[in-house]
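Asker: Okay, here's what each chain looks like letter by letter:
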Amino acid sequence: MESKPLRQQISAMRQSFFDEEILDEQFTQLEQLQDRENPNFVEEVLNLYFRDSTTLIAKVEQAMETVPIDFPKVDKSLHQLKGSSASIGANKVRNEVTKTRELWQEGNLGGAKAAFQDLRKENDTLKAKLEPYFQQLRQAGPDEAAMRPRRSHNG
Amino acid sequence: MWFKCWDKISSYSFKIHHHYYQYIGSKRVSKTWWRKLLFSWVIGWTVASIWIFCYMSSQATEKRKETLASMCDERARMLQDQFNVSMNHIQAMSILISTFHHGKNPSAIDQRTFAKYTERTAFERPLTSGVAYAVRVLHSEREQFEKQQGWTIKRMDTLEQNPVHKDDYNPDLLEPSPIQEEYAPVIFAQDIVSHVVSIDMLSGKEDRENVLRARKSGKGVLTAPFRLLKTNCLGVILTFAVYKRDLPSNATPNERIQATDGYLGGVFDIESLVEKLLQQLASKQKIVVNVLDTTNQSYPISMYGSNSSDDGLEHVSYLNFGDPFRKHEMRCRFKQKPPWPWLAITTSIGILVIALLVGHIFHATVNRIAKVEDDCHKMMELKKQAEAADVAKSQFLATVSHEIRTPMNGVLGMLHMLMDTDLDVTQLDYVRTAQASGKDLVALINEVLDQAKIESGKLELEEVQFDLRAVLDVVLSLFSGKSQDEGVELAVYISDQVPEMLIGDPGRFRQIITNLMGNSIKFTEKGHILVTVHLVEEVIDSIEVETESSSKNTLSGFPVADRRQSWKGFRNFSQEVSLHPFSDSINLIISVEDTGEGIPLEAQSRVFTPFMQVGPSISRTHGGTGIGLSISKCLVGLMKGEIGFVSIPKIGSTFTFTAVFTSGCSSSKEYKSQQINNQSNSISSEFHGMRALIMDPRPVRAKVSRYHIQRLGIHVEVVSDWKQCLSSFSRGNNAIHMVLIEQEVWDRDLNSSSLVINNLEKIDHGTPPKVFLLSNSINSSRTNTTTSGVCNLTVIPKPLRASTLAASLQRAMGVGNKGNPRNGELPSLSLRNILLGRKILIVDDNNVNLKVAAGALKKYGANVVTATRGIEAIELLTPPHEFDACFMDIQMPEMDGFEATRRIREMEQNINGIQFRNLSVETYNSVSNWHVPILAMTADVIQATHEECLRRGMDGYVSKPFEAEQLYREVSRFFQ
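Protein chains in written order, with my numbering: chain V, 1 to 155; chain U, 1 to 976.
A hint or two may mislead.
To be verified - Each computed SDA-like pair below joins lysine to any residue, with the alpha-carbon atoms no more than 20 Å apart:
no. : chain 1 : residue 1 : chain 2 : residue 2
1   : V       : K99       : U       : V411
2   : V       : K59       : U       : E894
3   : V       : K92       : U       : M417
4   : U       : K858      : V       : K92
Stated by the list, open to error - Listed next, with one range per pair, are the computed distances between beta-carbon atoms:
no. : chain 1 : residue 1 : chain 2 : residue 2 : range
5   : V       : E106      : U       : S605      : 41 to 51 Å
6   : U       : I871      : V       : R36       : 33 to 43 Å
7   : U       : T406      : V       : A58       : 43 to 53 Å
8   : V       : E106      : U       : P893      : 18 to 28 Å
It should be emphasised that the hints constitute simulated quantities derived from the structure, not laboratory data. The C-beta atom is built at its ideal place from N, Cα and C for all residues, glycine as well.
Looking at chain U on its own, in the form it has when it is part of the complex (with noise of 0.2 Å):
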């Protein structure tokens, strides 16, 4: 059974896997399905356990039938065996009565002989309560025979009709039997029963009817039950017949009623002999027994036992008293009813129970599943929702900048024109005020746009070559004004391991190294600032070596956090390396360190959350909305790297980042590089092969100088003081071109300076070294140098920078002022590259700018056809046509450059469908898929943005009139 509930069980819960599966699937339908499976696995539990309820009681009742069976048994055994002994006896009584009685002449037993030794034999006897004896006596010996006993015999019929009791019985009261054939008088009976002495037994008749059959049988006969004389008890007579002599067992009933002597009969008083019987057995309290006399199935008489019959359970046991004739049985009930079987039903309620529970369960389990997925949906839709409403907020961010912003260029243009009217000085402090707060909420309305765009996803980074120096140095330009009024020294390392040319965005570069020195420059009001770039592999190197150096080891001398910390949670600074050691990508690590007043503790969480600045008195003193390092974070995870900080209170912070740039040494754009390097190199080339000497007691500034110098092809050796100064000088065989001293080291000791410059010219073999002071201030070092009475001296305005540094060499070494070339050569030089031989089709509805556009893309080579409608914009650019490019005014009366666009766009895509289908190649000049690049020309850039353009299918835009660099980059994405 319980191997059935396990596979019940077990196929059940593959059922609840399977229907999972199902159930992930299709929701709907598996929900009613789950219903189904839980009704069922009710229903078939309850019917299980209604079955095992059943099961075990019915087991128990099979039992308790077979205890009552066994027990039933025993005891009819043990009353047979019982009467058996007894009739034994009285069988063995009948052979002493025809021994002593009739064979013995006078007779050896008489009536006081029989009932005394009746009596003593009793106990042989456990179910009798009397025997008696009867002879037989022809009518024709009556007379004599009542003679000799000396009465009469007697009838015993009216005794039968009037039941006497017991003690008002006298024999001598009855009736003389009248004349028979034959006679049974008794004439020996035990003293219990001693009243039926000279009654005729065969007038009786129960008693005659026996006593024939006895004689004829010769075996033990018994009556059916009936009241006894006298005592008037149930009882039943057994007798047996007395034959004269020995008959054979074959002898034929005939041969044995002629030889009968007499009959002996014994008395069972059955109610009381069962009673005696049941008393001496165990637990007979459980059980009522009843005897019955089953002779008449239809009638059977009861022998013994109430009558009060039970439906409950019986056993029937067949009792055999040695009487064929007769049949008895003994009936046996369970004196209680039967005890509830409260195992079963134990058993089947607590596997229901468990069941219900498993089902409970089961059914708790669907319905969290379903709460929990039907919240899944919820959240998911709520997360759609909110993310919805982000892109909106940023969309509106967007719309709302680029829409203040177009005004705002009205404003700040109206202002710088007011500027130049003719204003008293208060008027004129206005209007500088104005335009002042103007370009801020300029520059905050740009960055608000940065960080919608960034946030909607819509910022994509360029692919430029660029060199990273130079963006460098232009940030340096920025910020060098505001850094000398505060007397804060700015610097710039770069490592000679970071290649001249990279390939990235060097606008988005910028504006992240812009933010973090602004903000450096707004909380930093002495020390100094200093940005440095490596080569991840090479800070990685130096991790584990650089521990001696000194927090007093810095560019200003002040102490500053070191930066190393900065980097330390940076994921996967380490990977980075052996990710990509072969590829041509190149891994920076940025750092930006100052000696300003730190970020608090309790702020440094925060501070790359847009709009959270470290306490809204910041924003009152230094200005800022706070987007800036939100932005600088963005943008940096969009070059693939990490920003991080250490800042520590009162003394500095120091922020670093990585970016992923790829080496611009690549093969596709070596031309390019090759023009940037010329130019780079122009300035450079005339102090090639130079040497200079940097007196510089800090070794990191002194490597910061001895950087830009070198960069000019200078040769470069550092010394701490002014007596390595001269010793290089004496012991130096080249020629050393120039000195640069720090305006530290000079002023300390003005004395010995001025007198060592002296002796510089003196010992000198040629002609004297230049000598440079670096002063980090303007001001001061003018005024100091005007004291020191040294003429031959020339100030380099720190911070230092590749150009200014080789334009002050410039200026005192009187090296070839061969002038600079123009910022326009490289482009125009491109763009000649470039656009040389293309067939560029303009159009333009005013014919001044017409001319003007067309005359400058011929300037470049370019074979240009002009148009004045956009209609025959179209008209021309129907393929096949020959042009390689198109560019288009979008203002224009009848139709604008975006409807021309569009409608040229949708021919293309025509003309590509049905070439598509008809293959027929030769016919469009074996163009196989027509997209004619369209660039708009606008005098207002800043409505018409690069997105706006590209949206309405042009392929990018350019400013009115043509301004070559730009031009140069729109027109190099389509030619190359």
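Only chain V is shown next, with the shape it has when bound in the complex (with noise of 0.2 Å):
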């Protein structure tokens, strides 16, 4: 009962998730996928994704600084970052990864260098914003997650 509060921040802070579109619905798909054999399921894949998708774009920054400007890695790249980000509904940091890989196919250098700057700044957001989540969500308790409402997002 002492931990009422708690969640309703944590479900504030979910809500407020959604509403500022840095998450969609993919993410409340992934909390379905959670349950008491697999409580941190949603946390492990975050992790997961913040791993790879800070080495991805160091691979990238990297890839688009050198000088002969290799195409195929930074899309490689692109593709697997855009994968990653639409598979936790990252909603922000996919498109910013769309537009920048569209920006880089179409040889606009300036453009996907400003766009990949905007979406390094939205992964790290998502991130910023992700992490103090999930702690507040250690801190509830494992049967919290394992009840995840599951009309919260609907309609």
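Each of the two chains sits in its own frame; use the hints to bring them together as a complex.
Answerer: Structure, rendered in structure tokens:
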């Protein structure tokens, strides 16, 4: 009972992600995959994502700066990033990746680099917002995670 | 002969037949064969006609010969007869002389008597020109004889040597005969030959021979023809010997010589005589007659006739003049040359001509056949080319459409994003317009793609279970906005006899309905659009019955085109029922009826032709490509149905089509259908057993409303006006929970209606019934409701649909708002059933994706193994393995999904091949045929179309991240 305000806080936080369109429906689906057998599934996936995305972003940045620019390498990395962000439902990041990739494919290097910076910013924001969220979730206890309301994002 | 010909012809015709079959078989060989046959035909008939000619002309010649022979023989016989008559007479004369000259002494005959007698009996001897009698005088008797006669015996020889002219002839000038052993001087002679008197017959060479032969043989003897004395004509002398006494017939020649008294000679002037004879015969001018003495074979002496020998036809008849020593013959020839054998010529030429004509016909026929066959080949070639071109066109269309679609998605996405940015009103408007156009373009491309697919025969219908009513509800909801804006009433009515669940292709069915309704919406500005679904069987029964329905009895009161007209042309309309009465196929007949402007009569024939619209102005005012109906027709065809329409300008059109589905309640899919039923029933269960009253004066509209309300399990009663309404309330012992009133009725009499409503509340036994207004247009009804001042009134917007109706009722009645189950509920439940315990491999190079996908599948109870590289997947999927399925990312570094799939399939094939040979099934886990289902995972659904995946050896694709429904659809194909 003591965790009730905490839960409310968490719920509000979570809702804000959707309101700000940082996350989309895919995230709720991810949440549905979490159950007793797999209590920290969402967090695990997100951590994996952050690890991956950090490496990928670094890779892209590096590849963009090297003098004979490795177009396919950047494209491949962006593709991976796109898949990852789509999988976790990171809406804004995915949009940025898409934009960057399209510009990159068009050969608009300047545009792509600018978009890439936005991407990085979005990813950082995501990270910054989600990390405290998960922290609080952990505090609230595993039960809460398992009982994520299903109807919260319906309609 | 004709028999022969017939044989020949029939054998030829047999050959022709025989050959014709050969011809079909081997064309080239038989072409030369034909020519040979034709050549031999012509040669054969030429020979035949020549033979016929010869045969006929020889027949003619034969006939001619016969004629000649008979004529010749006739002449010869006559000549012979007459000669014999003459000879007999001369013989008779010889007897006369022997009797009267030698038998009497003195003689009773002298020269004068003889001459007179012979002259007067000349008619008896038609062939003789003169008769003379010479007496035998021995040398010893010469002097006495000369003295007695008063002249000397003269000789003939010199006479013959110096022939003299008749006029100059003077016997006195002749020399006296030299001394001979005996003489035969002529003592009596006919006047005509009186010049031979006193001439010794033995002195003439011919005469002497004749005389000697005559007395030796005792018969008539003839000389060879020679020139006669004085007349110098060709003649023959017949000589008879006159004996002193009668001699026995077997007397020796010597006895005869001894007994000889004299010699009687007759001169035959053959030439004139034969001439005279021939004169008497008919057709003398036809033939030429020659009479010859052929005693000496090598030198025949001509006795009559010109000797101009003609090579032509000749007949020889032998003449017997009673002298065995002499031989005579008659040779006859035709005067004219034989005429041309015209009959033979014409016959043979005729036959030849006929044969040639037949040959020509034959030849022409063969040529014609060859030509036609060549043409046919050419046509086939052209047809193939045309078909190839058509396929190429369709493929081109498909490719281009596909290629356009991909970038178009980018454009649309960007536009969508652009709309989210900070735009002013004008900019937003531009973006909206651009997006709307883009969507139209994509829709068009999809249609073109469909058309291309249909034309290239690639379109195949799905066989899934679906709820027809739900499909129609969805379609209705699509158009409801449009219809409400324009005030057109939309309605759907499905007969109760149509089963809940059908198996077929709901997507394509929906496409047809959408096309038809879309058209109707486009062209309808007032009135209604009504979709009705019936079983064909029902409608057939109603064809005869439902004749009284007036045109006024329609949904909106506007007249409509009679839909029954639209299916008149359906071919197997009546057969369908009798064809499948026992199978579980469901024949539906669906009509879309509108009260639009109709199709002009002249355009009705090309309604189903692609890209054909009524006129160019139509596409300007209403848009569209004109491809929709063509696609619909094709789709209906694929559903084994037919489509037809009837349209009356200014009144409306009704399109009707039939489609064959399978009943969805078959055993295999029972579980699933139960699921769905549960879901749909969940809406309606809360109203079950309630009673409703519909007030609507229009039966058709009431029927539609009733259909929808009944779907919710509500018992429905229909009344047509307020009076009935009230009466049904007052008599009703069952509570009526709701009253649904058509807005039209309501508006017509606002006062009375509100009064009645108030009354209702009073009469009612328990809770007052809720009153609903069925309204077509939301805006108008709202204003009216407010003005009417009745608060207990809920407006249900049309078109009626199960969901909206249920929602409205729920809201108004307050029945347990339990909340609808999530849409995902059904597939996730079923997915769990399907995937529980399955071993599934997921291959993706993206760790996050991998984890999410694995998590999703694990959630459904699957046993998931993950791999990040294509190589790993190949190793894991090398048979024998225990995987039930594999989900594979397409874009992976090193080896992409397609390549990995290709290698896996290769491996499987090899092993299947080995197994097939070795039959060592146990070692491979008793799996007889390895084929692990591989599903592509892709974020880009458009790019990775189903076909592409299938082509690359995959079994399907799922979008990434997983979408429960799609996942279910794909997975359920493999796991049952």
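Asker: Each hint: holds or not?
Answerer: Hints and how they fare:
no.	hint	result
1	K99/V / V411/U	holds (12 Å)
2	K59/V / E894/U	holds (18 Å)
3	K92/V / M417/U	holds (11 Å)
4	K858/U / K92/V	violated (28 Å)
5	E106/V / S605/U: 41 to 51 Å	holds (50 Å)
6	I871/U / R36/V: 33 to 43 Å	holds (35 Å)
7	T406/U / A58/V: 43 to 53 Å	violated (31 Å)
8	E106/V / P893/U: 18 to 28 Å	holds (23 Å)
Going through the hint list in order, the structure does not satisfy hints 4 and 7.
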